[in-house]
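With the hints as constraints, model all of the structure from the sequences given.
From first to last, the protein sequence lines stand for chains Y and F.
Position 35, counted from 1, in the first sequence is what this note's numbering calls 35; the numbers after and before it change by one each time, with no gaps.
Position 136, counted from 1, in the second sequence is what this note's numbering calls 136; the numbers after and before it change by one each time, with no gaps.
If you are wondering where the hints come from, they were derived from the structure by calculation, not from laboratory data.
Keep in mind that a hint or two might mislead.
Unchecked claim - Computed beta-carbon distance windows for the label pairs:
1. Y:351 <-> F:160: 39 to 45 angstroms
2. F:105 <-> Y:23: 50 to 56 angstroms
3. Y:199 <-> F:160: 26 to 32 angstroms
4. Y:136 <-> F:9: 54 to 60 angstroms
5. F:97 <-> Y:351: 33 to 39 angstroms
Each residue gets a CB set at the ideal place from its N, CA and C atoms; glycine is no exception.
These are the residues of each chain, in order.
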Amino acid sequence: MAYLELQNVSKLFTEVAAVRDFNLSVDKGEFVSLLGPSGCGKTTTLRMIAGFERPDVGEIFLDGVNITPITPNKRGIGMVFQGYALFPNLSVRDNIAFGLNIARKPKKEIDESVQELLALVRLKEMTDRYPYQLSGGQQQRVALARALAIKPRVLLLDEPLSALDAVVRVALREEIRRIQLELGITTVYVTHDQEEALSMSDRVVIMKDGLIEQIGRPDEIYRQPKSLFVASFIGTANQLRGERVNDHSINYHGTILRLPKNGFGGHDTAPVLLVRPESILLHAQPPVLPQANILEGTVKTMTFLGAVMRIVVDVDGERIVVDAPAGQDFSISHAQHVWLSFAPEACQIMKE
Amino acid sequence: MKRRTPITQWGCILLFLLYMIIPIIATYMFSIATRWDRTILPEGYTLEWYKTAFAHSYFASTLRNSFIVAFSAVLLGLILVAPTTYWAHVRLPAAKPLLDVLTILPFGIPGVVLALALIRIYSFPPISRSPYLLIGACVIFSMPFIYRPIANSLGAISVTTLSESAQSLGANTWQTMMRVILPNIMPGILSGCLLVFATVFAEFTLANLITGARFKTFPILLVEFTRKDGRVAAALSVISFTIAWVVSLMILWTAGRGSRSTEEALHAR
Chain Y
1 MAYLELQNVS KLFTEVAAVR DFNLSVDKGE FVSLLGPSGC GKTTTLRMIA GFERPDVGEI
61 FLDGVNITPI TPNKRGIGMV FQGYALFPNL SVRDNIAFGL NIARKPKKEI DESVQELLAL
121 VRLKEMTDRY PYQLSGGQQQ RVALARALAI KPRVLLLDEP LSALDAVVRV ALREEIRRIQ
181 LELGITTVYV THDQEEALSM SDRVVIMKDG LIEQIGRPDE IYRQPKSLFV ASFIGTANQL
241 RGERVNDHSI NYHGTILRLP KNGFGGHDTA PVLLVRPESI LLHAQPPVLP QANILEGTVK
301 TMTFLGAVMR IVVDVDGERI VVDAPAGQDF SISHAQHVWL SFAPEACQIM KE
Chain F
1 MKRRTPITQW GCILLFLLYM IIPIIATYMF SIATRWDRTI LPEGYTLEWY KTAFAHSYFA
61 STLRNSFIVA FSAVLLGLIL VAPTTYWAHV RLPAAKPLLD VLTILPFGIP GVVLALALIR
121 IYSFPPISRS PYLLIGACVI FSMPFIYRPI ANSLGAISVT TLSESAQSLG ANTWQTMMRV
181 ILPNIMPGIL SGCLLVFATV FAEFTLANLI TGARFKTFPI LLVEFTRKDG RVAAALSVIS
241 FTIAWVVSLM ILWTAGRGSR STEEALHAR
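Structure representation (structure tokens):
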């Protein structure tokens with residue numbers, strides 16, 4: 001059995017299944033993210049691991065012990081909440097020491113732990129401040145230190161960065177991951193931000209409507225999505241729908257597109273061809289590439305995104321998104337007639 | 001467009017303050033005046049009325065009785081209402097509207113009606129017409145004053161998240177209440193206690209009807225004197241104000257020591 005295991009866990013809220021048949025094994029020291037749109041059940045699942053919700057079906061095991069009937073304060077979990085939930089009446093030091101005080105640890109041990117943790121989250125100068133005197137990012141770091149103080153067996157984080165601005169978010173997620181790796185703590189992280197999930201996790205669990213859509217490493221999820229939902233949720237993906245002509249090509253608005261040899265759904269009559277924007281090349285003149293798939297269209301919009309230029313091309317009424325490196329030196333203008341090329345092997349065949 | 005000048009604004013405030021304070025100052029001056037029925041200011045000053053008040057045979061006992069009733073009402077109100085409010089907020093949110101209505105009901109009941117109803121129902125010894133019945137009536141009557149501030153305080157902090165936070169760190173329900181929730185709703189609790197004390201201490205109708213002469217409270221003595229000797233009544237009124245102020249200051253001082261950071265935290269939000 002894995003360190004943290006959820007078996008057939010389901011939770012119903014008045015006839016609506018918030019979580020259904022959830023099965024997950026998390027190894028010790030692993031960082032797993034639960035990722036999905038709002039209402040997909042990820043927070044409910046986290047709260048069931050914490051003990052704030054009771055599963056209607058199924059069981060949760062931690063280090064071999066069934067923790068399903070155990071109250072939250074006895075599970076040995078540490079939790080970081082979305083709204084930080086720092087105790088307003090206590091200083092930073094007392095907030096961090098809270099769990100240790102409850103456990104009646106000797107004063108010397110508590111003081112040492114608090115100092116260590118403050119150094120870990122880089123907040124030594126804030127020891128005697130109160131939460132209302134700290135910024136959002138600082139409060140979140142205190143919340144993290146507080147949860148780590150009790151040396152939890154599992155660290156649970158519920159969208160801890162969603163209330164912070166972009167720069168702080170990126171800095172903090174690197175810190176959280178660094179600390180997690182340093183301490184080797186098993187972590188379950190809930191977020192709706194795919195960038196967060198992909199950049200921090202060992203594995204990602206994509207959820208939709210209470211069910212698991214896919215579990216895998218971030219690169220697996222990105223390159224080999226198992227369903228259209230995952231493909232469109234992670235990154236941007238162009239979905240080309242056409243009629244199958246034969247085993248290895250489809251008719252897309254009059255153009256024959258070659259399918260990759262390794263795709264599944266090979267016998268569907270209406271497969272969906274998935275191609276990522278960065279895999280498509282833009283040409284101002286008709287390209288001579290016999291092996292590639294070629295489409296023609298007109299430029300509709302161009303958006304500068306820093307590292308890439310996102311160009312939306314109208315191909316026979318369909319919207320195709322192309323990401324061209326912003327350094328590329330060609331001048332494309334609105335309503336210009338352009339050609340798109342992409343290798344069949346850069347695509348994926350999906351079922352509808 | 002006419003601009004409101006500072007003079008107009010200050011003038012309004014001054015007028016309002018005078019309107020509020022003049023009756024109190026007048027009462028105070030009347031209590032130390034030898035005679036004040038035919039001149040603008042008192043004819044002379046004396047402490048004679050205070051001496052009469054203090055020397056009255058019932059002075060000490062009525063004061064004591066009022067304190068007993070007021071403090072008991074505060075204590076009982078706290079014990080009954082505070083945990084209930086917390087429970088409704090955290091575990092049974094569906095009960096909140098019900099509690100809101102229940103605790104507002106006493107406002108709709110005139111004191112006379114409440115007193116007579118209670119006397120009718122609790123007409124058996126030892127409760128009948130006893131101080132216990134009076135205290136009970138005062139608790140009911142002052143329920144909105146203890147409930148509202150506590151409910152508002154609980155609403156101002158996210159009780160559920162704070163409770164869960166404490167639990168995730170190993171605290172049981174009692175520890176959560178004492179170390180996290182209570183300190184953060186202390187301003188609300190103290191406001192409630194203050195309001196209950198002030199209202200119950202000054203409550204006349206209930207005391208007069210329920211226990212009457214058997215257990216005289218301070219307001220009863222005061223009303224007696226308004227019919228006998230207005231100057232001593234004035235002195236008793238001043239004593240009444242002073243007690244209310246002193247108790248307020250004491251409660252606020254205790255509050256200030258314990259929860260300054262919470263106050264600031266709540267204001268800073």
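These are the hints, each one checked on the structure:
Checked against the hint of 39 to 45 angstroms, the pair residue 351 of chain Y and residue 160 of chain F passes, with Cβ atoms roughly 42 angstroms apart. For the pair residue 105 of chain F and residue 23 of chain Y, the supplied restraint of 50 to 56 angstroms holds, since their beta-carbon distance comes to about 52 angstroms. Judged by the Cβ atoms, the range 26 to 32 angstroms given for residue 199 of chain Y and residue 160 of chain F holds: they are separated by roughly 31 angstroms. Hint check: residue 136 of chain Y to residue 9 of chain F, Cβ distance near 39 angstroms, so the stated range 54 to 60 angstroms is violated.
Between residue 97 of chain F and residue 351 of chain Y, the C-beta spacing of about 50 angstroms breaks the proposed range 33 to 39 angstroms.
The earlier numbered hints that this structure contradicts are 4 and 5.
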